[in-house]
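The lines below spell out each chain.
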Amino acid sequence: DSGVTQTPKHLITATGQRVTLRCSPRSGDLSVYWYQQSLDQGLQFLIHYYNGEERAKGNILERFSAQQFPDLHSELNLSSLELGDSALYFCASSVAWGSTEAFFGQGTRLTVV
Amino acid sequence: GDSVTQMEGPVTLSEEAFLTINCTYTATGYPSLFWYVQYPGEGLQLLLKATKADDKGSNKGFEATYRKETTSFHLEKGSVQVSDSAVYFCALSSMSNTGKLIFGQGTTLQVKP
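Protein chains in written order, with my numbering: chain Y, 1 to 113; chain P, 1 to 113.
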């Protein structure tokens, strides 16, 4: 158990819909990273938050957004969903930011039908 | 930009065989290097890491040495077991990119009894 909790584990939704994925980092970790894992793109970095502030953006679509709340949990919002958004979404947390070790949650498997 | 290249899989070995999975990287500055493992249906787990040149990371019989001169971080294990069957990801992170992980494409290892 990494100490990082992601909910829900599975999500099936229709095209055009909006979903919210939730991540609770390990106790004491200030950084949260979101990644997307798909068969064709592999593991891609989406966005990084540190202590409530956005620090870096990767290949994140405009239809996607995220935030980190004062209690440090984070949410990834995906809207106007398309079939191609079907993927495994991971969050990871670390104590600070930089070259420190990151701990991954079990992921949320999103299926868009 | 920074990138990681891994040998393509799948790699199929018999139990007790020697394992090498090649990983090379391109990065500015001095990244930290990681190997993560993903067992079927699970999230990513840190297997080992190295934070500076010539460091050797090791865990559960796996080893990798940070070679700056060849920009490589090859994963090795002297005697694989069926339970090592998983997908292995090489990754790097650095202060210059806020610590986000840049992953290789992953290598699937299948160990047969």
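Take these hints with a grain of salt, some might be off.
To be verified - With the Cβ distance kept under 10 Å, some of the chain Y side facing chain P (calculated, not the full set):
no.: 1; residue: Q6
no.: 2; residue: G16
no.: 3; residue: V19
no.: 4; residue: Y50
no.: 5; residue: G52
no.: 6; residue: G107
To be verified - When the alpha-carbon atoms are kept at most 20 Å apart in a straight line, the in silico DMTMM-like pairs for lysine to aspartate or glutamate are as follows:
no.: 7; chain 1: Y; residue 1: K9; chain 2: P; residue 2: E42
no.: 8; chain 1: P; residue 1: K60; chain 2: Y; residue 2: E101
no.: 9; chain 1: P; residue 1: K52; chain 2: P; residue 2: E15
no.: 10; chain 1: P; residue 1: K56; chain 2: Y; residue 2: D29
no.: 11; chain 1: P; residue 1: K52; chain 2: Y; residue 2: D1
no.: 12; chain 1: P; residue 1: K112; chain 2: P; residue 2: D55
no.: 13; chain 1: Y; residue 1: K57; chain 2: P; residue 2: D2
no.: 14; chain 1: P; residue 1: K60; chain 2: Y; residue 2: D1
What the hints assert, rightly or not - A few chain P positions that, by computed beta-carbon distances, are all more than 12 Å from chain Y:
no.: 15; residue: Q6
no.: 16; residue: A17
no.: 17; residue: T26
no.: 18; residue: K56
By construction, these hints were calculated from the structure, which means they are not laboratory data. As the structure is a prediction and not an experimental result, all values here were calculated from the model. Beta carbons: idealized from backbone N, C-alpha and C, even for Gly.
Here's how the hints hold up against the structure:
no.	hint	in the structure
1	Q6	holds (8 Å)
2	G16	violated (29 Å)
3	V19	violated (19 Å)
4	Y50	holds (8 Å)
5	G52	violated (15 Å)
6	G107	holds (5 Å)
7	K9/Y / E42/P	holds (11 Å)
8	K60/P / E101/Y	holds (18 Å)
9	K52/P / E15/P	violated (32 Å)
10	K56/P / D29/Y	violated (26 Å)
11	K52/P / D1/Y	violated (28 Å)
12	K112/P / D55/P	violated (31 Å)
13	K57/Y / D2/P	holds (15 Å)
14	K60/P / D1/Y	holds (17 Å)
15	Q6	violated (10 Å)
16	A17	holds (26 Å)
17	T26	holds (16 Å)
18	K56	holds (16 Å)
Of the numbered hints listed earlier, those contradicted by the structure are 2, 3, 5, 9, 10, 11, 12, 15.
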